[in-house]
Amino acid sequence: MTLTATFEASARPPARSVPRGLVFVLPAVLLLLAIYIVPIIVLAGFSITDYRLGAMNWDFVGARNFTAAFADPVFIRALANTALYAAIVIPAGVFIALGIALLVYGRKSSRAFWETAYFLPVTATLVAMATVWQFLLHPSLGPVNTAITWAGFDPVSFLGNPALLIPTMALIGVWQVLGFNMVLFLAGLTAIPRDLHEAARIDGAKSPIDRFLTVTWPMLGPTTMFVVVTTSISAFKVFETVAVLTKGRSGSETLLYALYLEGFEYSNTGYAAALTLIFLAIVLILSIGQTLRMDRKVHY
Amino acid sequence: MLRFLPHVVLAIGAAIMLLPFYWMALTSIRSPAEIFDISLWPIPETFSGGQNYAQAANTVPMARFMLNGVIVCSGILIVQVLTAVPAAYALAKLQFPGRRLLMALVIAALCVPMQALALPLFVGLAKANLLNTYFAQMAPFFLSVFAIFLFRQSFRSYPDEIIEAARMDGFTEMEICWRLVLRGSLPSLAAFSVFSVVAHWNDLYWPLIVVSDMAIAPPPLGMLFFSDVETGANYGALMAGAAMITAPMIVCFLLARRSFIAGITMTGVK
Amino acid sequence: MSRQSIELSGISKSFGPTQVLKEIDLSVREGEFLSLVGMSGCGKSTLLRIIAGLELPDDGVVEIGGENVTSRDPADRNLAMVFQSYALYPHMTVRQNIATPLRMRMLPLAARLPLLGRLLAPRETLSQIDAAVEQAADTLQITHLLDRKPAQLSGGQRQRVALARALVRQPAAFLMDEPLSNLDAKLRAHMRDELAALHRRLGATFIYVTHDQVEAMTMSDRIALMIEGRIEQLGTPDDLYRTPATLSVARFIGSPTINLLPAEVTADRQVTVAGMETGLHAEEGPATLGIRAEDFHLASTGMPARLLRAETHGADRFLTCQLMAGDGSVVVLRQSASDRPSADADGKLHLRFAADRVHLFGADGRRRPVYVGGKVAA
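Chains as they are written, first to last, in numbering that gives the first Met the number 0: chain W, 0 to 299; chain C, 0 to 269; chain A, 0 to 377.
To be clear, the hints were calculated from the coordinates, so they are not data collected in a lab.
In this text the structure is predicted, and so the values were computed from the model without any measurement.
Be aware that one or more of the hints could be misleading.
To be verified - Far from chain C, some chain W residues (derived; all Cβ distances over 12 angstroms):
| # | residue |
| --- | --- |
| 1 | 20 |
| 2 | 26 |
| 3 | 59 |
| 4 | 60 |
| 5 | 65 |
| 6 | 66 |
| 7 | 67 |
| 8 | 73 |
| 9 | 106 |
| 10 | 119 |
| 11 | 152 |
| 12 | 174 |
| 13 | 196 |
| 14 | 211 |
| 15 | 268 |
To be verified - Quick partial rundown of chain C residues pointing at chain W, CB under 7 angstroms, derived from the structure:
| # | residue |
| --- | --- |
| 16 | 3 |
| 17 | 9 |
| 18 | 40 |
| 19 | 226 |
| 20 | 234 |
| 21 | 244 |
| 22 | 246 |
| 23 | 260 |
| 24 | 261 |
Don't be surprised by glycine CBs; every beta carbon is placed ideally from N, CA and C.
Model the full structure from these sequences, guided by the hints.
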């Protein structure tokens with residue numbers, strides 16, 4: 000103990016680096032103020048006014064923007080749509096990715112190939128790929144429906160039937176997020192010491208299910224937690240697919256799209272600021288636990 | 000038989016994952032008459048690739064979009080690195096008042112998505128008459144709290160003894176930061192660069208807000224313009240456009256798979 | 000049950016182009032403490048993993064208690080293993096860690112599932128498991144740690160938990176892969192005694208892998224010294240120390256390292272070192288004479304040498320000397336600290352050695368018989 004204490008004391012930079020440190024962080028601090036702190040204060044300010052971009056006059060409206068939001072059928076619908084989207088993307092995006100990671104992890108020579116194949120959608124520009132999906136899912140021209148009719152079913156109007164819009168976009172969301180989650184799970188799997196698997200085998204865990212339950216799944220706990228959090232945050236930020244595929248028609252707005260329309264198409268700045276704060280609250284709730292964990296690691 | 004089951008399952012999954020890419024490439028070289036052909040045979044009867052790509056490049060200024068993408072992405076990356084590296088070095092290795100507060104702010108800012116800041120930033124840029132500029136596209140991303148966090152974690156493991164020896168040898172603090180400490184974290188720098196470029200090459204939300212002038216639009220926004228212009232009329236050209244926009248990131252990925260995956264994954268691990 | 004013999008015959012194993020085990024034959028007796036010793040890379044860990052079933056041999060047969068288990072799953076071999084890293088499940092408490100081998104064997108799969116399983120597990124089996132865990136914990140004096148997680152334990156405590164997990168069921172044998180190497184020196188010496196005591200108490204078969212010859216010498220009934228994928232010598236610690244079969248064994252066993260002097264056996268079968276006759280006789284040819292530090296002593300006549308340094312380690316003193324004849328070999332001599340290092344003012348002294356305790360090795364590295372005045376000396 001004493002040894003460590005001495006070591007840390009000597010490792011501490013000398014006191015004369017005080018001004019230097021400030022010079023080094025100055026640009027970052029100024030940008031932090033300009034990009035994060037001031038905008039958030041301004042945002043909070045907007046949210047209690049009826050300010051419209053370009054308008055000359057504005058009034059304080061208190062919490063009226065927030066009460067209006069929860070009475071606004073469009074916003075409620077956007078919230079429900081986003082929740083439905085997340086309810087599909089989170090479990091499918093996490094568990095299918097885990098399954099793929101387990102399969103890919105066991106391959107030796109072909110691992111790099113599978114990793115590449117599944118990861119490719121993560122790198123692709125979603126706007127362009129959404130256009131491709133639109134074509135793939137076309138009721139008459141697309142190969143997906145051709146395959147469905149060939150199998151003897153009625154063609155599915157993925158992007159025509161209002162009830163299918165959100166699930167269809169969620170499928171594209173799953174397609175895009177799988178590779179990312181798979182790579183996170185692979186990193187988690189690699190971090191499990193080989194000894195533990197061997198100990199489990201000697202302890203009598205014969206079936207792969209036993210080994211999964213005894214070692215793999217519990218050891219992946221933190222990874223799984225992280226994957227769930229990142230997947231849900233990205234699910235709540237869904238925007239590109241809506242912008243390309245539906246533009247919100249037939250009541251298919253998502254949270255971020257509704258926010259975009261209010262703030263930037265209709266210039267209802269005050270109201271959009273209230274929506275933004277609600278969006279921010281959701282994201283913060285989702286990420287708070289993860290961030291605290293990270294924070295603890297930082298202070299160690 | 001059971002031994003091959005994982006391969007079979009993986010192959011079916013991969014086929015689904017890669018189908019859009021294949022279909023995009025295939026349609027982009029087919030003639031309008033063949034668009035209705037749903038066969039997956041890779042060789043079209045008449046090769047119309049040249050025509051489709053030419054149409055995509057001529058209907059909208061594709062090359063311009065790509066150039067805009069390069070300008071915006073590199074501008075963002077350069078400023079991010081220039082501001083984040085010294086800050087991360089100070090947070091990792093120097094003592095100054097407010098250090099803990101700044102670290103707490105950086106971590107808090109990590110949780111705030113860009114979309115939550117878009118509204119006030121947009122109003123500010125509009126007031127300053129800066130909409131429809133490269134600056135407006137880049138400004139909100141000049142500070143990457145993620146980069147600060149990442150570099151700080153990486154710099155912390157750099158041995159203090161070497162820094163102290165360098166100080167005694169007469170290195171300035173800036174030289175220590177850039178020439179010694181950053182040198183030891185080059186993999187982090189590479190991974191972050193990849194992460195940053197991919198994120199901003201593919202971003203649609205912010206350009207959609209601040210750019211209406213086609214001349215400075217980045218690729219995703221250009222693609223959106225193009226698909227609006229081409230509504231269903233010519234899928235071949237549409238797919239050619241999509242292929243052109245997607246190709247740079249895919250080619251980068253295939254060339255630098257390792258640092259690519261590291262870069263994208265770094266948002267997460269640790 | 001926990002006394003089974005283990006029989007290996009013709010075990011070979013290659014990783015890629017490197018052959019790590021070359022036709023190993025080894026029989027471990029019931030209740031024996033056998034150490035596999037050797038430098039890293041000699042194949043000792045691989046051999047242990049083959050016994051455990053974690054690796055399959057390319058060739059050869061593994062028998063436990065007379066049954067051929069060569070291709071049997073590790074779970075079906077009824078062995079327990081203590082890993083170098085201890086391999087405790089970090090998410091489980093000590094109690095759960097120790098219970099795992101029993102839960103796997105005594106509960107059906109459905110009862111081992113999380114949440115749901117608790118309802119399906121038969122009460123009496125669970126209380127049997129509990130009792131066994133308590134008993135194992137008691138044996139290793141870790142009852143007070145049962146509800147902690149491995150991360151909250153010290154290295155020595157983790158070591159005990161790993162041992163408790165191994166002995167909670169009565170395995171056919173205990174396999175240990177360098178179990179003490181992550182402990183500090185003092186604790187290691189202490190755990191060495193405890194392990195030896197545990198072995199005596201359980202009377203179980205222990206196979207113990209280590210690179211530390213002191214561990215092997217102090218605990219084992221027998222030692223198999225492995226070099227480059229072969230068993231160089233198998234015997235009691237005494238055998239290996241007193242009659243090393245080869246030069247390599249002589250070099251590996253013993254601290255300080257045995258003194259090796261180039262020797263020549265003349266045509267009239269006289270063993271000469273540095274041109275001097277030793278009074279020993281052997282077959283003609285070039286040879287190496289091995290003399291342990293304690294088998295040298297100082298005398299008024301003998302091999303002239305110069306004292307380089309003297310180090311006192313508690314009761315012993317080690318004298319490092321350079322022979323003044325021949326190639327000037329440096330040798331280490333051990334004497335009691337109460338003896339005086341009888342060197343002249345200029346550091347000159349004379350060495351003699353116990354003729355009946357020397358080791359002679361031929362050019363091929365094998366031990367050769369030596370005679371002292373017609374009698375076999377070693």
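Going down the list of hints, with the structure as the test:
{"no.": "1", "hint": "20", "verdict": "3 angstroms, violated"}
{"no.": "2", "hint": "26", "verdict": "5 angstroms, violated"}
{"no.": "3", "hint": "59", "verdict": "17 angstroms, holds"}
{"no.": "4", "hint": "60", "verdict": "16 angstroms, holds"}
{"no.": "5", "hint": "65", "verdict": "15 angstroms, holds"}
{"no.": "6", "hint": "66", "verdict": "19 angstroms, holds"}
{"no.": "7", "hint": "67", "verdict": "16 angstroms, holds"}
{"no.": "8", "hint": "73", "verdict": "18 angstroms, holds"}
{"no.": "9", "hint": "106", "verdict": "7 angstroms, violated"}
{"no.": "10", "hint": "119", "verdict": "7 angstroms, violated"}
{"no.": "11", "hint": "152", "verdict": "16 angstroms, holds"}
{"no.": "12", "hint": "174", "verdict": "7 angstroms, violated"}
{"no.": "13", "hint": "196", "verdict": "17 angstroms, holds"}
{"no.": "14", "hint": "211", "verdict": "14 angstroms, holds"}
{"no.": "15", "hint": "268", "verdict": "6 angstroms, violated"}
{"no.": "16", "hint": "3", "verdict": "11 angstroms, violated"}
{"no.": "17", "hint": "9", "verdict": "5 angstroms, holds"}
{"no.": "18", "hint": "40", "verdict": "12 angstroms, violated"}
{"no.": "19", "hint": "226", "verdict": "5 angstroms, holds"}
{"no.": "20", "hint": "234", "verdict": "6 angstroms, holds"}
{"no.": "21", "hint": "244", "verdict": "5 angstroms, holds"}
{"no.": "22", "hint": "246", "verdict": "9 angstroms, violated"}
{"no.": "23", "hint": "260", "verdict": "5 angstroms, holds"}
{"no.": "24", "hint": "261", "verdict": "9 angstroms, violated"}
Hint check: violations occur at hints 1, 2, 9, 10, 12, 15, 16, 18, 22 and 24; the rest are consistent with the structure.
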